[in-house]
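Enquirer: Going line by line, the protein sequences match chains A and B. Letter by letter, the first sequence follows residues 0 to 329 of numbering that gives the first Met the number 0. Letter by letter, the second sequence follows residues 0 to 329 of numbering that gives the first Met the number 0.
In case anyone wonders, no lab produced these hints; they're calculated from the structure. Take the hints with a grain of salt, since some may be wrong.
Same chains, same names: a pair is fine if it fits in one copy or spans any two.
[To be verified] With a cut-off of at most 30 Å between alpha-carbon atoms, the simulated DSSO-like pairs for lysine-lysine come out as follows:
| # | residue 1 | residue 2 |
| --- | --- | --- |
| 1 | K31 | K311 |
| 2 | K153 | K311 |
| 3 | K177 | K317 |
| 4 | K153 | K317 |
| 5 | K31 | K67 |
Computed from a predicted model, the values in this text were never measured in an experiment.
Protein chains: 2
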Amino acid sequence: MNKRELVIEVTRGGFVESRHQVIAVISDAKGKRHTQWGDADQLVFPRSTAKPLQALPLMLSGAAQDLKLSQQQLAMACSSHNGEVQHSHVVSSWLEQLGMSSEQLECGSHWPLYQPATVALSQSGVQACSVHNNCSGKHCGFLSFAHHQGIDPKGYIDHQHPVQQAVNDAMGRMMDLKITDHPMGIDGCSIPTYALPLTNLAMAFARFGTGEQLPDDWQKACHSLYQAMVTEPFYVAGSERHCTKVMQAYGGQVACKTGAEGVFGAAIPHLGLGIALKALDGNSRAAEVALNVLLDHLKVQPTEAVFEQHSKLHNCNKMHVSSIQLALVK
Amino acid sequence: MNKRELVIEVTRGGFVESRHQVIAVISDAKGKRHTQWGDADQLVFPRSTAKPLQALPLMLSGAAQDLKLSQQQLAMACSSHNGEVQHSHVVSSWLEQLGMSSEQLECGSHWPLYQPATVALSQSGVQACSVHNNCSGKHCGFLSFAHHQGIDPKGYIDHQHPVQQAVNDAMGRMMDLKITDHPMGIDGCSIPTYALPLTNLAMAFARFGTGEQLPDDWQKACHSLYQAMVTEPFYVAGSERHCTKVMQAYGGQVACKTGAEGVFGAAIPHLGLGIALKALDGNSRAAEVALNVLLDHLKVQPTEAVFEQHSKLHNCNKMHVSSIQLALVK
Numbered sequence: 000m001n002k003r004e005l006v007i008e009v010t011r012g013g014f015v016e017s018r019h020q021v022i023a024v025i026s027d028a029k030g031k032r033h034t035q036w037g038d039a040d041q042l043v044f045p046r047s048t049a050k051p052l053q054a055l056p057l058m059l060s061g062a063a064q065d066l067k068l069s070q071q072q073l074a075m076a077c078s079s080h081n082g083e084v085q086h087s088h089v090v091s092s093w094l095e096q097l098g099m100s101s102e103q104l105e106c107g108s109h110w111p112l113y114q115p116a117t118v119a120l121s122q123s124g125v126q127a128c129s130v131h132n133n134c135s136g137k138h139c140g141f142l143s144f145a146h147h148q149g150i151d152p153k154g155y156i157d158h159q160h161p162v163q164q165a166v167n168d169a170m171g172r173m174m175d176l177k178i179t180d181h182p183m184g185i186d187g188c189s190i191p192t193y194a195l196p197l198t199n200l201a202m203a204f205a206r207f208g209t210g211e212q213l214p215d216d217w218q219k220a221c222h223s224l225y226q227a228m229v230t231e232p233f234y235v236a237g238s239e240r241h242c243t244k245v246m247q248a249y250g251g252q253v254a255c256k257t258g259a260e261g262v263f264g265a266a267i268p269h270l271g272l273g274i275a276l277k278a279l280d281g282n283s284r285a286a287e288v289a290l291n292v293l294l295d296h297l298k299v300q301p302t303e304a305v306f307e308q309h310s311k312l313h314n315c316n317k318m319h320v321s322s323i324q325l326a327l328v329k
Numbered sequence: 000m001n002k003r004e005l006v007i008e009v010t011r012g013g014f015v016e017s018r019h020q021v022i023a024v025i026s027d028a029k030g031k032r033h034t035q036w037g038d039a040d041q042l043v044f045p046r047s048t049a050k051p052l053q054a055l056p057l058m059l060s061g062a063a064q065d066l067k068l069s070q071q072q073l074a075m076a077c078s079s080h081n082g083e084v085q086h087s088h089v090v091s092s093w094l095e096q097l098g099m100s101s102e103q104l105e106c107g108s109h110w111p112l113y114q115p116a117t118v119a120l121s122q123s124g125v126q127a128c129s130v131h132n133n134c135s136g137k138h139c140g141f142l143s144f145a146h147h148q149g150i151d152p153k154g155y156i157d158h159q160h161p162v163q164q165a166v167n168d169a170m171g172r173m174m175d176l177k178i179t180d181h182p183m184g185i186d187g188c189s190i191p192t193y194a195l196p197l198t199n200l201a202m203a204f205a206r207f208g209t210g211e212q213l214p215d216d217w218q219k220a221c222h223s224l225y226q227a228m229v230t231e232p233f234y235v236a237g238s239e240r241h242c243t244k245v246m247q248a249y250g251g252q253v254a255c256k257t258g259a260e261g262v263f264g265a266a267i268p269h270l271g272l273g274i275a276l277k278a279l280d281g282n283s284r285a286a287e288v289a290l291n292v293l294l295d296h297l298k299v300q301p302t303e304a305v306f307e308q309h310s311k312l313h314n315c316n317k318m319h320v321s322s323i324q325l326a327l328v329k
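Turn these sequences into a full structure, and let the hints steer you where they fit.
Expert: Now the structure itself:
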């Protein structure tokens, strides 16, 4: 167990109000740890952080190529999107392209993550459906894979369905693990999620960004998804979202992906490194600040200064009432 | 520093996903500690947990009586409400009663806390305004006090305004502290909030529930507010909210109030005790479970079994995917 600590604090009136403990690790594609904070061997549910890895069967099968999927579609296959009109438009068109309906998405329905999108949708008299689920892009990827492989998509969220088996095999190859040997839970969108060592997730992100330690076709698959994410960052998340802001600010140097319960993963290809981190209490605000801290630690320079602004929290009278920032890294 | 620990865990597939550390203290009206977990002397911003105390000038001044405020109005003076139609109706009527408009509320605007209320409001073509702010009931209390005292309400959110001075004096009397000697921050609704010892907050809740250690008129003021909260718990919070559920489940034995950043306060008059607690990472889900744990620790019996159900978390396909519960109390 490593003794380095990464602590993020929220202050109000300059006084500490809340504190978050974060575990984090930076790894290369061979699994060599560059730096770690806390126990990087801890088992963590990657949740949606795994999405770029879960999209690999879509690429490796040839489905993406045969369906001529756009960069926006590929970005959405890796996304936890806001349910804004641009997102629902891509998902709806994609389902149409597959000759499928929103009822074949098995992710469930929820109102858009982004409140202005919920308001706009309600104002236009539309009810939320599975298209607006933040995971609907990933699920379109699953349906595309099944469609291309001639597999009946029905029940594709089940851990024994061929779609999830292909997903687990791909994640396992990227992480040098047999995923299904690990504790299984069910994710928000109803597919399985496995508790996996944080350090293997960081290694997988290093491989994802660099293609190192991977066969040629895997290299190509990872490269295509990476390029889609950094070229179309709005389609990975959306307005006011950290993934989108980071990828915009670093101008292609970093691809990153958030996951529920305070997880974040990132690939920094020009350094040959990957990052994985988790706020132990599951709070995403701490994970976001921790990602900024780690990119700064690696001296990766953003092309836009978005982070000082990001650390200031405002109330509904637009007063700057509190801040969130690194309190301790040692 | 007390060595007892209170830890709340979130599990997924039976495996721990996230953990929350909570500090908590149970006190009587004299400030004698019954039990504590962690450092109960720690300074904590009570945030909205202070609302029942902040409503005292409304009672003590005679404003509530002269204005013949209903129990629903008094409950709302202590509320962080959902912005449901019942809530906005009480607030709008109250402003009308005062001959004032929503523009005199200085809390700022936000869409209702309760998503179905945001959807319903949007569908009916109405924009959110200060009436829907979760603090608008408290602010109506402030305006009523100013109106009754013949004070110009303009700028009533400022820490030097007579309204806030009266509020701070009342809180100070309940907590045996000079509030303004403590670190000041600005709350979500723009009034000042002070970082105060958690144990004094617990004592204030014991006094609030019992009237002990207070002059006659203060006893009466506390009793009226307590009765309003437990008689009209929907108006303290709303649908699916923990404050409302707890007060309904304990049938008048407990009045409780949540605050932002993981704070909770509760009064249990028949035991002569008050509770104050804070999830150190600021997460309200942990504070809610911790409140249940402490009420159970005190062997207070709910009239309805709501808590087992409350600990099960479901995804948008209504699958029971994770749980939140006590992991460690020692």
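Enquirer: All hints, please: hold or fail.
Expert: Structure-based check of each hint:
1. K31 x K311: Neither. Shortest intra-copy (35 Å) and inter-copy (39 Å) distances fail the 30 Å Cα cut-off.
2. K153 x K311: Classified as between; 27 Å across copies, 46 Å inside a copy.
3. K177 x K317: between (49 Å within a copy, 29 Å between copies)
4. K153 x K317: between (48 Å within a copy, 18 Å between copies)
5. K31 x K67: Neither: 37 Å inside a copy, 71 Å across copies.
Checked against the numbered hints listed earlier, the structure breaks hints 1, 5; every other hint is satisfied.
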